[in-house]
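> Below, each chain spelled out in residue letters.
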Amino acid sequence: MNAPATLFDKIWSAHGILSRPDGATLLHIDRHLVHDGASNAFRTLKEKGLTVRRPDRTFATPDHYVSTLGRTLSSINDPNRRGMVEDLETHTRESKVKMFGLSDKRQGIVHVVGPEQGLSQPGMIIVCGDSHTATHGAMGALAFGVGASEVSHVLATQTLWQRKPKNMRVTVDGTLAPGVVAKDVILAIIAKISAMGGTGHVIEYAGSAIRGLSVEGRLTVCNMSIEAGARAGMVAPDDTTFEYLHGKPYAPKGADWDKALALWSTLPTDDGATFDREVHLDAAEIAPMVTWGTSPEAAAPITDRVPDPKDTADAFRRDTMERALAYMDLKPGMPLSEIAVDRVFIGSCTNSRIEDLRAAAKVVKGRHTTIPAMVVPGSGLVKAQAEAEGLDAIFKTAGFEWREAGCSMCVGMNGDLVAPGERCASTSNRNFVGRQGKGARTHLVSPTMAAAAAVTGKLTDVRQLMAKG
Amino acid sequence: MEPFKHLDAVAAPMEAPNVDTDQIIPARFLYRKRNEGWAHLLFHDLRFNDDKTPKDGFLLNTPPFGEAKILVADRNFACGSSREHAVWSLYDYGFRVVIAKSFGDIFFGNSFQNGLLPIVLPPERVEALRVALAKEPGAHIVVDLEKQEVRGPDGKVDHFEIDPFRKECLLAGTDDVTFTLSNLDRIAAFEKAYEQKLGWV
Chain A
106 MNAPATLFDK IWSAHGILSR PDGATLLHID RHLVHDGASN AFRTLKEKGL TVRRPDRTFA
166 TPDHYVSTLG RTLSSINDPN RRGMVEDLET HTRESKVKMF GLSDKRQGIV HVVGPEQGLS
226 QPGMIIVCGD SHTATHGAMG ALAFGVGASE VSHVLATQTL WQRKPKNMRV TVDGTLAPGV
286 VAKDVILAII AKISAMGGTG HVIEYAGSAI RGLSVEGRLT VCNMSIEAGA RAGMVAPDDT
346 TFEYLHGKPY APKGADWDKA LALWSTLPTD DGATFDREVH LDAAEIAPMV TWGTSPEAAA
406 PITDRVPDPK DTADAFRRDT MERALAYMDL KPGMPLSEIA VDRVFIGSCT NSRIEDLRAA
466 AKVVKGRHTT IPAMVVPGSG LVKAQAEAEG LDAIFKTAGF EWREAGCSMC VGMNGDLVAP
526 GERCASTSNR NFVGRQGKGA RTHLVSPTMA AAAAVTGKLT DVRQLMAKG
Chain Y
48 MEPFKHLDAV AAPMEAPNVD TDQIIPARFL YRKRNEGWAH LLFHDLRFND DKTPKDGFLL
108 NTPPFGEAKI LVADRNFACG SSREHAVWSL YDYGFRVVIA KSFGDIFFGN SFQNGLLPIV
168 LPPERVEALR VALAKEPGAH IVVDLEKQEV RGPDGKVDHF EIDPFRKECL LAGTDDVTFT
228 LSNLDRIAAF EKAYEQKLGW V
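First to last, the sequence lines map onto chains A and Y. Following our numbering, the residues of the first sequence are numbered contiguously, the last one being 574. Following our numbering, the residues of the second sequence are numbered contiguously, the last one being 248.
Please keep in mind that the hints were generated in silico from the structure rather than gathered at the bench. Treat each hint with caution, since some may be false.
Here are the simulated lysine-lysine pairs, BS3-like style, with alpha carbons at most 30 angstroms apart [stated by the list, open to error]:
| no. | chain 1 | residue 1 | chain 2 | residue 2 |
| --- | --- | --- | --- | --- |
| 1 | A | Lys-203 | Y | Lys-244 |
| 2 | A | Lys-353 | Y | Lys-239 |
| 3 | A | Lys-358 | A | Lys-470 |
| 4 | Y | Lys-239 | A | Lys-151 |
Small disclaimer: the values here were computed from a predicted structure and weren't measured.
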């Protein structure tokens with residue numbers, strides 16, 4: 106009998122082609138997802154006289170540079186941005202790589218499209234030239250972001266050299282309180298272990314609270330693994346995963362489904378398997394979270410106050426905190442629920458799926474925004490589904506803008522920017538200095554918390570609005 | 048890729064933790080091609096005012112740190128996005144070594160692909176180096192990749208760890224694609240067996 110192994114160990118060992126004496130392993134890559142930031146990687150490939158080795162395992166969609174105001178190339182006003190999407194079209198056409206293009210309803214944020222199409226499956230190794238590739242780990246896959254050089258390596262060889270990271274398990278047991286959602290769970294985890302707590306590790310999220318999340322909730326949790334420093338995060342596949350996958354366009358069918366299911370059922374971490382690091386959280390103690398600083402680890406329950414640097418003994422940490430508060434224009438001791446915001450963004454690979462939009466719409470229904478707010482669905486299919494359910498009407502009636510799918514204001518590369526000095530409650534994943542635009546101030550929140558902020562014009566405990574019904 | 052063997056150069060101390068890749072290279076510049084040059088964009092919004100004049104007080108605008116080839120940072124340097132442009136910007140500016148308590152995992156890997164050497168040293172030593180560099184601006188740090196040693200301005204020598212393969216690649220100035228392609232038969236054999244078992248993938 107084999108020694109007890111973790112989910113991560115099992116996937117890793119099933120993909121090892123060969124090892125180098127220094128311990129690095131050449132891994133087989135099942136899926137390579139490509140977006141419109143891949144121009145330099147395709148160019149490198151060409152310069153080396155190489156071609157895409159496995160176009161059948163490579164899938165592309167433009168997301169970072171697309172306009173959220175239209176679905177044509179000409180809707181991208183800026184020639185440099187348009188060029189990135191055109192480049193992707195050219196490179197994928199030349200390489201015979203499947204592309205969900207702008208005119209295709211399946212286009213969207215690559216980390217929404219993968220699971221939605223059933224491309225991301227348990228047991229796979231999935232890579233993409235984007236740090237939020239960890240998202241796909243929610244399907245029970247090992248998924249991680251790579252840089253441009255590694256993208257071209259995967260294009261050329263369908264493999265990647267990696268040193269095996271360590272195993273870490275974050276267990277969240279218990280029941281989440283009403284109004285507390287997946288985004289709050291991952292922000293609470295990052296606040297606890299810090300923005301580098303997972304560095305060098307792959308995190309497996311486990312425990313009854315994680316098990317109780319839908320696949321979409323798990324996607325949100327795994328998405329922000331990189332904000333905890335971990336290149337990958339994963340959740341063991343279970344019936345929730347299988348039900349989600351069944352019938353998806355690229356999921357196995359018929360006899361293949363049965364064979365796949367038999368294999369997938371062997372993937373969860375064995376009893377007795379050991380982790381290099383274990384962290385435990387009590388689900389019942391997690392409250393709706395907001396960030397107050399310029400690192401995702403600067404997260405706190407909405408019921409808290411802006412922390413006071415004076416309470417920090419370490420001079421270096423105090424200095425860092427003071428700089429963050431100066432950038433965010435916040436005063437120590439101020440209740441987080443009194444921070445007025447100028448704008449709300451609901452979208453990004455973290456929170457732009459149908460359940461996110463349903464939850465936000467529920468808060469918004471019958472209310473009105475007091476500040477500019479926009480919803481950017483994660484894919485054309487999410488948008489169509491939301492429209493079929495009438496969610497677009499709820500958002501629009503409430504004063505939200507209803508846009509086309511893309512990364513949009515999470516990173517602002519398409520021109521959807523937060524103005525200098527503006528404060529944005531955002532469902533995205535990074536509150537870095539200037540992330541949503543030069544001088545922009547970001548507060549990371551869940552979709553329901555974002556909806557609440559849009560209605561009240563300040564960071565708000567969504568549970569208060571829920572109580573009013 | 049240029050080989051990296053040995054460097055004796057001015058080092059600059061950067062006093063912030065969690066310096067993310069959005070600080071190193073803002074997202075709005077990422078549409079540019081690799082060969083268009085990235086030196087002038089490094090730390091752009093920290094380094095320049097809105098009117099493009101250098102910001103007073105920023106490390107690289109403070110002589111002699113502008114000519115540094117070694118950066119001594121803090122913890123979790125270059126966390127965040129996978130953008131390799133962060134490495135290109137540091138490299139094109141002239142940096143060849145970054146010393147820190149820890150790095151973002153993706154940046155760490157990207158660095159080796161471009162001839163930039165990331166070195167992890169113990170937290171106390173990283174802090175001591177920064178103190179020494181601030182006290183004596185323009186002081187040199189000496190990095191010897193062959194011996195895996197860093198000599199600080201105080202003469203103290205630290206050993207650092209590096210993967211032997213990555214070390215070889217840096218010393219020779221080669222990347223790993225060539226090596227991988229020399230193993231194509233092994234890859235194809237793996238794929239054949241794999242696909243027999245998992246035909247649906």
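> All hints are to be evaluated individually against the structure, with a verdict given for each.
Now the hints, each set against the structure:
The straight-line distance between the Cα atoms of Lys-203 of chain A and Lys-244 of chain Y is roughly 24 angstroms, inside the 30 angstroms bound, and the hint therefore holds. For the given pair, Lys-353 of chain A sits about 26 angstroms from Lys-239 of chain Y by alpha-carbon distance, which is consistent with the 30 angstroms threshold. Proposed proximity of Lys-358 of chain A and Lys-470 of chain A is contradicted: the alpha carbons are some 39 angstroms apart, above 30 angstroms. This hinted pair checks out: Lys-239 of chain Y and Lys-151 of chain A have alpha carbons roughly 27 angstroms apart, not beyond 30 angstroms.
In this structure, the one hint that does not hold is number 3.
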